[in-house]
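**Student:** Sequence:
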Amino acid sequence: MRRCVYLFLLALVALVGCSQYEIDVESVSVEERVEQNLELNVSLEGDDTRIYLDDACKTVWNKNDLLTVFYKSEAYQQWQFQGNTGDRSGVITPVGNVTRPSREGSIVVLYPDNANYVYNMAANTVKLTTTAEQHYVEDSYGAGGNIMVSQSVTENIGLKNVYGWLRIALKGDNQSIRSIKLTGNNGEQLAGNIQIDVDDATASFVADKSPIKSITLNCADGVSLSKSSATMFYIGLMPQTFSRGITIEIENTRGEKMTKSTSKKVVISRRTILPMSAFEFVPEPAEVFYPANNQVWYNTYGGDFVTYKSQPFDANITSHESGVCIGEMCYSLYCITCDASVTAVNSVEFYNSDLQIIYLPHSVTTIGGSAFFKSQNLEEVHIGSGIKSIGDGAFTNCGNMQKLYIRATTPPSLGNYALVSDSSGMYTYIGCTIYVPESAVAAYKAHPNWSKYADYIRAYDFVAGKEPESGDEPIIESPFNHRLLIVDHTGVNCGYCPQVIDRLNALANSKFAEYYNEVAIHGGAFAPSGVDPAYSYAATVVNKFYSPTGYPSMYLNFADGTIARGSSDLIFVNTTMSNIFNANRNKFGADAGIAITTSAKSGKLSIDVDVMAAKEQKYNIAVWVLENNISSPNQNGATSDLHRVANHALRYIASSYNQDYMLGDSLGYLSVGQVAEKSYSVTIDSSWVTANLEVLVIVSDEQDVVNTAVCPVNATRNYEYMSDAQTL
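For the sequence shown, this note's numbering begins at 42 and goes up steadily by one.
It should be emphasised that the hints constitute simulated quantities derived from the structure, not laboratory data. Predicted model only: the values in this text are computed from it and were never measured. All C-beta atoms in this analysis are idealised placements derived from N, C-alpha and C, irrespective of residue type, glycine included. Don't take every hint at face value.
[What the hints assert, rightly or not] Below, a list of computed lysine-lysine pairs in the BS3-like style, where the Cα atoms sit at most 27 angstroms apart:
1. K719 with K250
2. K656 with K444
3. K212 with K301
4. K493 with K656
5. K305 with K719
6. K350 with K429
7. K659 with K493
[Stated by the list, open to error] Okay, the calculated beta carbon distance ranges per label pair:
8. N234 with G343: 50 to 56 angstroms
9. K659 with V323: 43 to 49 angstroms
10. V247 with G343: 51 to 57 angstroms
11. A600 with K350: 40 to 46 angstroms
I would like the entire structure built from these sequences, with the hints used as guidance.
**Tutor:** See the structure below:
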C-alpha cells in the first residue's frame, strides 16, 4: 500500500481494529437475512472516522469485519460486514441464529467486536476493557487501535469514534522497529476498564486497582525505516490531556532503544489525529559499566568480602572474586557470579552488612523487606532497569546512604519505611539523592510512593555517567505546594481579636506565607448581624460546625483543636506556627493540585476549578467566596487602623454544606494525574465589593483537607508547585 499524505493539520496516530486478512466465520446468507429483515445499514461518522485507510487516504471497511450488536436488548450478538474491502458503507448481518426481540428499543453497535462488552440499557452506557498492546498496520491502525459506537432506533447506523490518535513519524538508516511504548509523564492511565456514553461516544476510565499507564505498539517482526521519507505509526488513545507531556520509548529488532520525551502539554481529542514532527531513530549507546544479569558487584567499607545470611539471590553462586574487568579495564569491585540471572535480593540477606557500594543487575525485579537493614556504611546503591518492587524497610537505618541510582523508567513500588532512619521513635528520611532516567523524573515525582521524596529526585544520564547539563535538562515542574487551611473565628465585639490580627499579619509577612491560606469567620456571638459588617450566614454555619469555646480562636483544616495564640508576634510565628507547619504540612508536596479561573460579569461570579490528583484516592471540593478590605470602624479593642479592616471574610459557600458537613461536593475517585473539573455560578450580593472578592478552594480526602488555593476575581491561578525555597 502506498503511503498517504494527510490533509489534517492537527491530526495524529493510532491503531485501529482493521486487518486485511479474511475472518473464517459461520454465516447465514445475505438473502436469508434479508428475508428475516435482520440487517443493518452501516456508515461512518465522517471522513475522519477510521476503520482502515485505503490508498487514497479514505476511511473504509474491510471485508468480513466483525461488530458487536445489542439488538433492542442487553444481549450480546456478533454481526458481520457483508461488503467488500474499500466500501464506505454497507450492510451488516448476524453471525449464527438470532431471534428478533418482540419489544421495541434502540440498537447499539460497537466496533471492534468483543463478547465481553457490557451494555446497560437504563444508563445507556457500555463497559469494556482496553488493552495495553496495539498492533502495527501499514499506513493505518491495527486491531485495538480504534473503538466506534452508535445507537439508532432504525436500521440505519452511523458509527462514531471514541478514540483520538497520536501519529509518530520515523526515519532511519538500516533500522527496523520492533515496538513503540508510550507513557504519560504524570502517570496518566492509558488502558484498562472504560465506560462509554452511547449518546455522544464520550468515554472515561473506570477506577482500576492497577491502572495501565503505558501502551505498546507491537510491530511484530519489525518495520523497516527509510532515510529519505518518514514511516507513520499510529497509537489509539482515550481523549485526555497529558499535563506534563509524554515519553516515547522506541526499540529496534536488535534490542537497541531510543527515548523521546516532551514536557509540554499534549492533548488527545476524539476523532482527531495529533501528529508529532518527524525525527530520526538513532539508538542510544548502551551503558558499558554495569554487571551482567548473573552478577552482582560491590565493595565494603573494610575492604573485605561481604557476608550474607544464606543464599542471597534466587540463583546459585558459582564464584566470588576480587576485581571486575570489562575488556582491558578492571575496577576495584568484588564480583559475585551466579549460575542464572539474579532476579531478587531476598529479605534480610544483607542485614547489618559492611557494604559500601553495590550494583544490582537489570534482571533484579525485587528487593525484599529489610534486605539492607542497618547497613550503616552503605553509601551508594545502583539498581537496574528491571526493578518492580522495593520491600518494607529495605534501606531502613542506612543512615550514611548518599546516592540511590535507579535505572527503571517506570517507578517501582516502595514499601513502608524503606528509606528512613529510626531515632528514638522518630522516622526521618535518610536524605540520599535519588537519581533516575531523565525521561522518568516527572513520573517518580508524581508517584504515590516516591512523591514524598520529590525534592531529592534528580535526572541522570546513565550512558554519560553524569547529571544532564543544565541547558539540556527538561523543564519538569515539581510537586504541588501544600497550603494548610487556617480558620480564624473573630468579630467586632472581641476585645482580644486585634491581637490576633497582629499575629496573623506577622505570619503573612514571614517565610511561612506560602504554607497556608486563611479564612476569617465572622458569624458567632462576637460577630452579630447588623453590627459586624463582615458577618454572613455562611460564617454562622461554619461557626456552629467548629463550636469554638472562646474568642478569638483559630483552627487547622477541618480538625478540632484551638491553635495557641502565643505571647508575642515572634513566638507565635517562629515557635507556635513553625511547630504546627512542621507537624502538619507535607513538605514533599500536596495530594492534589488546584487551578482556578474566576470571572465576574452582570452580577454573576463564575468559578471554574481543575483538581489534579497526585495520590490515588477519593476527593471532595469546597468552594468559598471571601471578601477583603471590609471596613469595621467599631472594632472593639482596636489600637490601629489595621485592626479596623476585616480580610479574607467568608461571604458565601458555593458547594454543598451544612452545620455537620464542610467537605463540599464529591469529585469521586481520582487516579494519579487525573483531573476533575468543577464549575460554580454565584450571584454577587449588592453589599459585596466585587473587586475585593476572592475564591477559596478547599480539596479534601474523606476526612481532612489535603490542599487549598485562593484566586482573586477576574483572574486565573494555575497549579502551584513546590520550590526549594518553600521546603521547611
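**Student:** Each hint needs a verdict: does it hold in this structure or not?
**Tutor:** Checked hints:
With a C-alpha separation of about 25 angstroms, the suggested pairing of K719 with K250 holds against the 27 angstroms cut-off. Restraint check for K656 and K444: satisfied, since their Cα atoms lie roughly 26 angstroms apart, inside the 27 angstroms limit. Simply put, K212 and K301 have alpha-carbon atoms about 14 angstroms apart, close enough for the 27 angstroms limit, and the pair holds. The suggested pairing of K493 with K656 holds, with an alpha-carbon distance near 11 angstroms, which does not exceed 27 angstroms.
The suggested pairing of K305 with K719 holds, with an alpha-carbon distance near 24 angstroms, which does not exceed 27 angstroms. Distance restraint check for K350 and K429: the Cα-Cα separation of roughly 23 angstroms lies within the 27 angstroms cut-off, and the hinted pair is therefore satisfied. Taking the CA atoms of K659 and K493, the gap is near 19 angstroms; set against the 27 angstroms cutoff, the hint holds. Look at N234 against G343: about 54 angstroms separates their beta carbons, and that is inside 50 to 56 angstroms.
Remark: the range hint 43 to 49 angstroms for K659 to V323 is upheld by a beta-carbon distance near 45 angstroms. In this structure, V247 and G343 meet the distance hint of 51 to 57 angstroms, their C-beta atoms being roughly 55 angstroms apart. Separation of A600 from K350 is about 45 angstroms and conforms to the stated range, judged on CB atoms against 40 to 46 angstroms.
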